[in-house]
Amino acid sequence: MAKTTTGRVLIALVLTITGLIAVSVPTFAHHGTGISYDQDKSITVKGTVTEFAWKNPHSQLYMDVKDEKGATVNFAVELNSPGVMIRQGWNRHLFKTGDEVVISVHPSRVGAPVGECLNPCKVTINGKEPPQ
Numbered sequence: 001m002a003k004t005t006t007g008r009v010l011i012a013l014v015l016t017i018t019g020l021i022a023v024s025v026p027t028f029a030h031h032g033t034g035i036s037y038d039q040d041k042s043i044t045v046k047g048t049v050t051e052f053a054w055k056n057p058h059s060q061l062y063m064d065v066k067d068e069k070g071a072t073v074n075f076a077v078e079l080n081s082p083g084v085m086i087r088q089g090w091n092r093h094l095f096k097t098g099d100e101v102v103i104s105v106h107p108s109r110v111g112a113p114v115g116e117c118l119n120p121c122k123v124t125i126n127g128k129e130p131p132q
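Our numbering applies: residue 1 is where the sequence shown begins, and numbers increase by one.
To be clear, the hints were calculated from the coordinates, so they are not data collected in a lab. One thing to keep in mind: the hints can contain errors.
Taking lysine-lysine pairs in the DSBU-like style, the calculated list, with each CA pair at most 30 Å apart, reads [said to hold, decoys possible]: (1) Lys66 <-> Lys46; (2) Lys46 <-> Lys122; (3) Lys69 <-> Lys122.
These figures come from a predicted structure and were not determined experimentally.
Produce the complete structure using the sequences and hints provided.
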């Protein structure tokens, strides 16, 4: 009987640890902005909005920008979640297709046309600052 109880406890322990690991992996994967973006650098991106995706876990802003050679590149900016943005006074209609946007972002570590702008997010839309 002692072997059966010990076996059950061991199985329960293994299942509990496995469950905790399975639940925590997506949480760690989600918070990878420090790996993807250079938190020590900030660049200013100026362009025209092509799309604004108001979604969880992070909203996305897509803009056409001119690269250093003058070619148009679609640049993606990772923003806060809608819940955080609402608390800042922002809403799903803040960015519209065709808006002229200037935004400071932490650039991609690999040089891709992406960046992240979380708290604080310095941005102007058609020359005006949104609520903060």
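Do the hints match the structure? See the list:
Of the pairs offered as hints, the one joining Lys66 and Lys46 holds, with about 8 Å between alpha carbons and a cut-off of 30 Å not exceeded. The suggested pairing of Lys46 with Lys122 holds, with an alpha-carbon distance near 12 Å, which does not exceed 30 Å. Taking the CA atoms of Lys69 and Lys122, the gap is about 25 Å. The hint holds against a cut of 30 Å.
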